[in-house]
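A.B. asks: Sequence:
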Amino acid sequence: MSLVEQLAEFVATASYEDLSQAARKALKIRVLDSLGCAIGALSGEPVQYIREHINDFGGSERCTLIGGGKTAPDRAAFYNSALVRYLDFNDSYIAKGETCHPSDNLGAVLAASEYAKCSGREFLTGLAVAYQVQCRLSDVAPVRARGFDHTTQGSYAAAAGISKALGLNAAQTANAIAISGTAFNALRVTRTGALSHWKGLAYPNTAFCATHASFLAMRGITGPREVFEGNKGFMDSIAGRFTLDWSREDLERVNRTIIKKYNAEIHSQSSLEGILQLQEEHRLRPEDISHIEIVIFDVAYHIIGGGEEGDKAHVRTKEEADHSLPYMVAAAFLDQEVTPAQYRPERIRGEDVQTLLRKISVKPLKEYSELFPERMPACLTVIMKEGKVFRIEKNDYEGFHTRPMSWERVADKFAGLSKPFTGDALRREITDAVQDLENIPVSELTGLLAKVKVS
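If you read the sequence shown in my numbering, its first letter stands for residue 4, the second for the next number, and so on.
Do not rely on the hints blindly, as some may be mistaken.
Claimed, not checked - Computed spacing ranges between beta-carbons, pair by pair:
id, residue 1, residue 2, range
1, 239, 61, 38 to 44 Å
2, 394, 64, 55 to 61 Å
3, 100, 396, 23 to 29 Å
4, 364, 391, 14 to 20 Å
5, 340, 234, 50 to 56 Å
6, 20, 172, 17 to 23 Å
7, 245, 370, 24 to 30 Å
8, 21, 428, 31 to 37 Å
9, 457, 241, 54 to 60 Å
10, 411, 442, 30 to 36 Å
11, 419, 355, 22 to 28 Å
12, 241, 21, 25 to 31 Å
13, 431, 284, 34 to 40 Å
What the hints assert, rightly or not - Using 16 Å as the maximum straight-line C-alpha spacing, the simulated EDC-like pairs for lysine to aspartate or glutamate come out as follows:
id, residue 1, residue 2
14, 454, 427
15, 99, 373
16, 388, 291
17, 391, 314
18, 120, 441
19, 99, 377
20, 28, 411
21, 388, 312
22, 31, 255
Hints are computed from structural coordinates only; laboratory data are not their basis. Even glycine gets a Cβ: it sits at the ideal position worked out from N, Cα and C.
All chains, full assembly: derive it from the sequences and hints.
C.D. replies: Below, the structure written as structure tokens:
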């Protein structure tokens with residue numbers, strides 16, 4: 004039996020009963036967190052472009068768009084996934100050689116679940132499958148160092164979760180995963196150098212394509228069964244050899260995913276909590292600062308600190324700002340928060356934040372790198388002009404798997420992000436629906452999401 008057939012058996016036999024109570028709770032927390040991110044992104048510039056694109060092309064009105072309207076399942080997957088991803092505020096999973104955002108799969112699994120008239124339990128099971136597949140492939144088959152994007156593993160995860168929601172059998176599921184995994188291998192250049200809108204749209208595109216592939220498999224289209232281990236397959240061409248026994252896997256990896264406390268790239272979270280603690284404790288003034296030094300683990304240094312993925316001192320756009328540790332720390336210090344407001348064009352261009360970010364240096368430390376990903380270490384040193392020094396060291400932050408974020412805290416985050424687009428009653432209804440998701444049809448949730456008003 005090929006690896007994709009083994010994976011397909013895992014997907015086809017997975018059930019809601021396989022989920023522990025902790026995993027069920029964690030999934031619902033992440034659904035609410037993701038929906039807050041999605042609703043909060045409704046006025047985003049590229050999101051509006053995509054809505055215009057969908058409206059122009061049309062599509063069979065089978066699946067709900069957050070904010071109202073319906074379209075074909077693959078386009079709903081694209082649009083709703085773009086909403087979840089645009090703010091860069093959704094959850095993450097960190098492995099030694101890879102970082103991904105498993106909630107990127109929500110839009111596609113939701114569309115497939117609505118199409119298939121799934122129960123909330125069936126939706127949660129499909130989402131748990133997508134989380135498990137993406138996280139475990141990130142563990143054993145990282146591709147970042149080889150120049151490929153994490154959406155590459157996501158093509159397998161999304162197709163797996165969609166297949167589960169659609170109720171495909173093992174043979175159809177194997178074909179869906181094989182088609183998606185063969186066709187959608189993405190380059191890491193998406194997240195290096197001068198960043199573009201595509202940073203936030205690469206995974207929504209994967210969600211769109213994986214949905215398309217899964218429906219093709221549902222109709223009877225076949226895919227290459229040796230997509231993983233075959234000649235010129237995933238192992239041979241991209242990831243290298245790895246082993247993963249799907250017969251021994253569970254649906255618990257969601258418990259190791261982490262939620263963002265701040266609207267910022269995931270590896271920055273400990274540093275941001277640290278600079279805000281220093282500011283609160285000592286009431287430091289930016290004009291009195293000579294220099295801020297950040298010591299961090301190598302992955303953070305290379306992605307957001309000015310390492311191999313490019314200079315982070317020249318920040319002009321949202322996409323560059325939320326992947327620049329100097330900008331994010333400077334904005335947090337000056338504004339005492341990091342929310343979508345810190346990525347408005349006028350804030351990014353602000354003389355105060357541009358001046359302060361150039362006083363910030365970032366360097367990696369081997370000892371911290373060895374602690375990652377079990378910890379998210381950082382040390383921040385603020386050196387004042389008169390010579391006084393303030394320092395703080397962090398090993399995690401609220402939202403990391405060592406300090407999980409509670410339902411109540413995520414509900415507050417959801418409320419803050421969705422408030423511009425919802426009334427009090429609708430926010431309560433959505434929150435209650437997610438909390439009771441195992442007992443309602445998924446159409447009840449999508450019906451509420453259709454009531455959200457785009458401003």
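A.B. asks: Hint by hint, say whether it matches the structure.
C.D. replies: Each hint tested on the structure:
1. Taken as a hint, the range 38 to 44 Å holds for the pair residue 239 and residue 61, whose Cβ atoms sit roughly 41 Å apart.
2. As the Cβ distance of residue 394 to residue 64 is approximately 58 Å, the hint placing it in 55 to 61 Å holds.
3. Between residue 100 and residue 396 the C-beta distance comes to about 25 Å, which sits within the given range of 23 to 29 Å.
4. Restraint check, residue 364 to residue 391: a C-beta distance of roughly 18 Å satisfies the suggested window 14 to 20 Å.
5. Range check, residue 340 to residue 234: Cβ separation about 52 Å, and the 50 to 56 Å hint holds.
6. Between residue 20 and residue 172 the C-beta distance comes to about 19 Å, which sits within the given range of 17 to 23 Å.
7. Take residue 245 and residue 370: their Cβ atoms lie about 28 Å apart, and the range 24 to 30 Å holds.
8. Taking the beta carbon of each, residue 21 and residue 428 are about 35 Å apart, inside 31 to 37 Å as hinted.
9. At about 39 Å, the CB distance of residue 457 to residue 241 disagrees with the hint of 54 to 60 Å.
10. At about 21 Å, the beta-carbon gap between residue 411 and residue 442 misses the expected band of 30 to 36 Å.
11. Hint check: residue 419 to residue 355, Cβ distance near 24 Å, so the stated range 22 to 28 Å holds.
12. Checked against the hint of 25 to 31 Å, the pair residue 241 and residue 21 passes, with Cβ atoms roughly 30 Å apart.
13. Distance hint check: the CB atoms of residue 431 and residue 284 are about 36 Å apart, consistent with the given range 34 to 40 Å.
14. A C-alpha spacing of about 13 Å is found between residue 454 and residue 427, which places the hinted pair at or below 16 Å, so the restraint holds.
15. About 9 Å separates the Cα atoms of residue 99 and residue 373, which keeps this hinted pair within 16 Å; it holds.
16. A distance of roughly 6 Å separates the Cα atoms of residue 388 and residue 291; the hinted pair therefore holds under the 16 Å criterion.
17. Proposed proximity of residue 391 and residue 314 is contradicted: the alpha carbons are some 29 Å apart, above 16 Å.
18. Restraint check: the Cα-Cα separation between residue 120 and residue 441 comes to about 14 Å, which is no more than 16 Å; the hinted pair holds.
19. Between residue 99 and residue 377, the direct Cα distance comes to roughly 9 Å. Compliance with the 16 Å bound is thereby established for this hinted pair.
20. At most 16 Å may separate the alpha-carbon atoms for a hinted pair to count; residue 28 and residue 411 meet this at roughly 12 Å.
21. This hinted pair does not check out: residue 388 and residue 312 have alpha carbons roughly 31 Å apart, beyond 16 Å.
22. A hinted pair counts as satisfied when its Cα atoms are at most 16 Å apart, and residue 31 with residue 255 qualifies at roughly 13 Å.
Figure legend: structure checked against the earlier numbered hints; hints not met, in rising order: 9, 10, 17, 21.
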